[in-house]
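In order, the protein sequences belong to chains P and X. Per the working numbering, the first sequence starts with residue 10, numbered consecutively. Per the working numbering, the second sequence starts with residue 43, numbered consecutively.
Be careful, since some hints might not be right.
Straight-line distance between alpha carbons at most 25 Å, and here's what the computed SDA-like set of lysine to any residue pairs gives [as the list claims (entries may be wrong)]:
(1) P:86 x X:247
(2) P:207 x X:242
(3) P:86 x X:256
(4) X:62 x X:108
Think of the hints as simulated: they come from the structure by calculation, not from any bench.
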Amino acid sequence: MNNLFHSTLGKKYIMALTGAGLFGFVVMHMLGNLQVFLGQEAINRYAHFLQSSKELLWSARIGLLVMVGLHVWSAVKLSAENKAARPVGYLNNPTPAAASYASRTMLMSGLIIAAFIVYHLLHFTVKVEAVNLVGLDFGKLHEQDLTGRLRADVYRMIILGFKVPVVSVFYMIAVGLLCLHLSHGISAMFQSLGLRNKAWWPVLQQSAKGAALVLFLGYIAVPVAVLLGLLKE
Amino acid sequence: MEKGMNLTLIVWRQKDAKSKGSFATYAARAVNPDMSFLEMLDVVNDDLIQRGEEPIAFDSDCREGICGSCSCVINGVPHGGQKATTACQLHMRMFKDGDTITIEPWRASAFPIVKDLVVDRSAFDRIIQAGGFVSVRTGGAPDGNAILVPKEDCDLAMDAAQCIGCGACVAACKNASAMLFVSAKVSHLGLLPQGQPERDRRVLNMVAQMDAEGFGSCTVTGSCEAVCPKEITLDNISRMNGDYAVAMVKGK
Ligand code: HEM
Ligand code: SF4
Ligand code: FES
């Protein structure tokens with residue numbers, strides 16, 4: 010237990026396991042989002058379903074928060090140790106041999122993602138009017154379901170939210186960075202967990218990049234469709 | 043026949059561990075392309091000595107790529123960037139007439155500079171002392187081949203055993219991580235039947251020593267593998283991570 014939190018390898022385990030958990034969440038979240046293309050009824054029913062059990066909702070939220078917390082904690086701690094291990098570089102800062110762009114920028118991409126997560130939560134979860142740049146309280150958007158009961162109108166919130174070009178572009182950049190992060194992270198995770206070998210490594214690396222690309226396309230589909238007017242109120 | 047190459051060398055000079063150090067520029071004239079990199083430095087040093095200047099200090103011993111002594115970062119790449127080649131085995135024909143070559147020591151907190159291009163790599167020795175060994179019975183010599191070793195394991199262990207402890211992996215890594223070196227040692231012994239009794243203890247102790255020496259952690263950039271003169275692969279790091287997890291879960 011002591012080793013898990015104090016050794017470099019233990020912290021890599023924490024980073025990899027929480028990274029894997031977050032990756033799972035990111036996949037599910039994308040699939041959820043894409044239901045907006047099935048129309049207002051589908052996405053609002055889905056959103057209502059997620060909100061319906063406060064107990065499960067909060068278990069999931071706390072779980073995610075703990076994962077993000079541990080992931081960022083290990084990332085920041087290890088990065089500081091790594092910096093201390095190599096305080097002096099080489100003349101003219103050559104790119105380290107064979108190191109991909111994504112692998113060299115993991116901390117930066119990660120921290121920007123963290124900042125984005127905060128914005129995203131304020132925007133669509135807490136529904137702070139000041140950050141949506143629409144001048145409308147998203148918390149007040151409601152509609153009636155088929156039985157006449159009132160529920161949140163997530164469909165309209167998404168469309169109104171993404172109609173603001175700056176907001177959409179920020180989302181797309183953040184998601185791009187997430188996918189850069191994952192294009193390295195998913196395969197790195199297998200090595201950190203000791204699950205890599207000669208035969209599988211090339212496949213893993215390609216799959217990681219493929220998965221990152223699919224996520225990117227899946228996530229930007231919604232703001233792009235709204236901006237192009239394919240998704241309308 | 044032309045009279046060799048004229049090169050400009052930008053070399054890190056540092057009087058001792060406490061001095062600050064800086065780059066100095068030297069002209070290397072009429073360099074024979076068949077010389078090795080270290081022979082070229084020998085010639086430059088002869089010149090410096092004749093002029094009454096301090097020669098450039100660098101490490102070397104075998105000069106045939108097997109001892110792991112030579113250690114310079116050439117044009118930003120440990121050992122100069124030729125595949126599976128130590129600096130002593132690098133030849134001047136790799137360079138062109140008129141080239142400027144930068145020569146720097148390994149850079150890592152765990153490898154303090156002793157002088158110029160010479161660094162103190164005793165941190166590696168302490169990691170080996172922490173667990174890079176197998177215990178054997180003394181007494182009568184055992185029969186050869188008494189312990190059967192599967193061919194596949196033997197091959198992998200031999201691949202890992204090639205590591206000469208040069209430290210280029212640390213020098214190349216942006217985190218100055220020693221994972222490739224440590225994992226080569228852990229794999230080399232852990233893959234063999236003779237290495238089983240100490241397997242868990244070995245990985246835990248060697249990693250603990252690695253951390254204590256102030257090496258960084260692995261972020262899977264692959265720089266170490268790219269510069270390793272003995273082509274030690276990242277698979278070893280994965281194997282070590284696996285062994286470490288098993289040892290940790292066992293609560294050792
Ligand atoms: C939804 C959010 C995120 C997901 C899905 C995610 C996923 C991953 C995965 C799978 C890894 C690979 C683990 C390993 O190398 O063993 C990783 C590594 C890493 N993550 Fe994240 N991450 C996320 C957010 C963040 C954030 C907010 C930070 C901010 C500090 C961050 C920083 C890092 C760093 C520094 C690494 C290590 C890179 C490396 O091993 O080369 N990540 N992440
Ligand atoms: S793993 Fe390769 S680069 Fe690292 S010390 Fe061993 S031989 Fe040198
Ligand atoms: S001097 Fe022995 S490996 Fe280069």
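Going through the hints against the structure:
no.	hint	verdict
1	P:86 x X:247	holds, 21 Å
2	P:207 x X:242	holds, 23 Å
3	P:86 x X:256	holds, 13 Å
4	X:62 x X:108	violated, 32 Å
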